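**Student:** Turn these sequences into a full structure, and let the hints steer you where they fit.
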Amino acid sequence: MLELDDLRVHIGGHEIVHIEHLSLEPGSRLGLVGESGSGKTMTAKAVAGLLPDEARVSGSVRFNGRELLAMNDRQMSEVRGRKIGFVFQDPARSLNPMMRVGRQVSEAIRVHSELPRAAVARKVVALLEQVQLPDPPTLMRRYPHQLSGGQQQRVMIAAAIAADPEFLIADEPTTALDVTVQEEILRLLISLSEQRGMGVLFVSHDLGVIRFVCDRVAVIYGGAVVETGRTEDVIAAPRHRYTAALLAANPGMPRDDNFRAFIGQRLHTIPGSVPPVGTFPSGCRFRNRCVAASEACTAMPGVLDAGDGHRYSCWNPVEGL
Amino acid sequence: MALVEVENMWFHYPRARLGAGVEGWTLQDISVQVQAQSTLGIVGESGSGKSTLIRVMCGLLRHQRGVVRFDGRDIAGLSGRDAVDRRQRNQMVFQNPRRSLDPRMTIRRSLSEPVRALLDRSPDDTEMTGWLERVGLGPDVLPRFPHQLSGGQLQRIGIARSLSVNPTILYADEPVSALDVSVQAQVLNLLMDLREQLGLTLVMVSHDLGVVSRMCAEIVVMRHGAVIESGPTEVVLGAPATDYTRALLHAARAASLEREGAEG
Chain A
3 MLELDDLRVH IGGHEIVHIE HLSLEPGSRL GLVGESGSGK TMTAKAVAGL
53 LPDEARVSGS VRFNGRELLA MNDRQMSEVR GRKIGFVFQD PARSLNPMMR
103 VGRQVSEAIR VHSELPRAAV ARKVVALLEQ VQLPDPPTLM RRYPHQLSGG
153 QQQRVMIAAA IAADPEFLIA DEPTTALDVT VQEEILRLLI SLSEQRGMGV
203 LFVSHDLGVI RFVCDRVAVI YGGAVVETGR TEDVIAAPRH RYTAALLAAN
253 PGMPRDDNFR AFIGQRLHTI PGSVPPVGTF PSGCRFRNRC VAASEACTAM
303 PGVLDAGDGH RYSCWNPVEG L
Chain P
4 MALVEVENMW FHYPRARLGA GVEGWTLQDI SVQVQAQSTL GIVGESGSGK
54 STLIRVMCGL LRHQRGVVRF DGRDIAGLSG RDAVDRRQRN QMVFQNPRRS
104 LDPRMTIRRS LSEPVRALLD RSPDDTEMTG WLERVGLGPD VLPRFPHQLS
154 GGQLQRIGIA RSLSVNPTIL YADEPVSALD VSVQAQVLNL LMDLREQLGL
204 TLVMVSHDLG VVSRMCAEIV VMRHGAVIES GPTEVVLGAP ATDYTRALLH
254 AARAASLERE GAEG
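Protein sequences appear in the order of chains A and P. Offset between the first sequence (1-based) and the numbering used here: plus 2. Offset between the second sequence (1-based) and the numbering used here: plus 3.
Worth flagging that the hints you see were computed from the coordinates, not collected in a lab. Some hints could be false.
Partial list, derived from the structure: chain P residues whose beta carbon lies under 10 Å from chain A [as the list claims (entries may be wrong)]: (1) 153; (2) 211; (3) 214; (4) 251; (5) 262.
Non-contacting residues of chain P with respect to chain A, defined by C-beta distances greater than 10 Å in every case (computed) [what the hints assert, rightly or not]: (6) 85; (7) 102; (8) 112; (9) 117; (10) 126; (11) 150.
Chain A regions said to be covered by chain P (calculated; three or more residues, Cβ under 8 Å) [said to hold, decoys possible]: (12) 204-211; (13) 249-255; (14) 264-277.
Remember, predicted model here, so these are calculated numbers, not experimental data. Even glycine gets a Cβ: it sits at the ideal position worked out from N, Cα and C.
**Tutor:** Set out below in structure tokens:
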């Protein structure tokens, strides 16, 4: 349904994204994971056609066989909303504070359809019910500040699915939320995806969240996919050193509730930090932070196959178990 | 004697509508003890009162009922030199360093502020370089402004700033929730190391049970402004007594990786 090939994004003379190939099947959920500055959000924005004006994009982004990069602004805005919905990190900033909740959702419907007023109103109520908000007729008259963070994010999701998109891009949709609310919102996204057969491109820095939501994962570093595969495979047996480092840095929860063994345990850290745009090393972009870097890593590694679509690009991979 | 003793403490924000019962009170009848050099985690959902509680404990907010004692003395009765002394020994690290550092001030100025305000002297670059070294930064950040630094660097500066006045106890309010997983790990390890080196007492608020259970040997669970469970972390989280704590744990497990303690 969604296919990226040789997608490159240049900003200010620097190549910040270069995705050789990435695809998403209808109804499936793909996670993009990496640190801030790894290029995961830029990749999602390139798919959505939401990059800043100074960005130059080349390659191919095909959505149901149609080339999105060849579309003009009007065609693209038609695709956005009607075919592709969006949910962003901070609902409080994405919603219009001056507009009642019901109107924000109804505008999302009206932009893309000619439904009569009464039908739009019915659809707003139905959408608010679908995202499991209590008492929609009352709630739709509220302003965003009168809602909790979790309720605001549900309104964002209702607006995002208002035009029945086939595909949803969610960029860190739960990082600003409590752990219980996070779980509810993630479950909601999963059930909407399953009920509607809606594909999801899910961006996060947290592999724990990705594991919960996504069937497949692509680990991004230096604007490129360094490892991809079924989420369970990649987490159980990471091959790329960057994936292994991201996993080791994740605080997680203790296995078998063994909290006693957990207290005071330091986390593995990834040496250094993501370099500023344009200063990534040649060859493997991760090599200046990698514990296993060798002479070989000055050349760009090829793509290796670990089976079942599990692929990685690393000269000194973590050995299989 | 505990370092901090909170006894039947009640707190409300100004102009709260107080009813006959608990309505209007942000904190209700809180009793908490913090032993010297221990680690205490405070967990609960947004609005449960956990950030308000550490602000009262740290002396940034004044409670209305009950007693808060620091080092055996009622903090409400302190004045003059004693009050300044208590402020110096109780320091706070905030959630969002980008918002808690003044964007118009150089790092040099922000960093020197607590010492100027509390110890009434101006630290020189050599001294500040020492503070920065402790948190893994170089003196090159001194002339910079907050917008020129990363979130992880800013949080390190927040920590260096709090430690500049040699506190006894450090309160950390969601110190890593605004940071990436990899930067989180660096800052958490730094806090663990500094705590050990300096013999600090650490009170940490976090909604992340995985983080709290690594950092803190004791835990307090808050809900609707009250403490509903407290005790050693392995007991409270390993065998929770309330449905609420069980629900928090369930949600945390769902979207977390399982990790062996020993790997960490």
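**Student:** It remains to establish, for every hint, whether it holds in the given structure.
**Tutor:** Now for the hints, and whether the structure bears them out:
1. 153: Holds: closest Cβ of chain A sits about 7 Å from residue 153 (chain P), inside 10 Å.
2. 211: The hint holds - residue 211 (chain P) has a Cβ within 10 Å of chain A, the shortest such distance being about 7 Å.
3. 214: Holds. Min distance 5 Å.
4. 251: holds (6 Å)
5. 262: At about 4 Å, which falls below the 10 Å cut-off, the nearest Cβ of chain A leaves the hint on residue 262 (chain P) intact, so it holds.
6. 85: Per Cβ check, residue 85 (chain P) is outside 10 Å of chain A; nearest 34 Å; holds.
7. 102: holds (14 Å)
8. 112: About 25 Å separates residue 112 (chain P) from the closest Cβ of chain A, which puts it past 10 Å; holds.
9. 117: holds (27 Å)
10. 126: holds (27 Å)
11. 150: holds (14 Å)
12. 204-211: Since 5 is at least three, the answer is holds.
13. 249-255: holds (count 7)
14. 264-277: holds (count 10)
Checked against the numbered hints given earlier, this structure breaks none of them.
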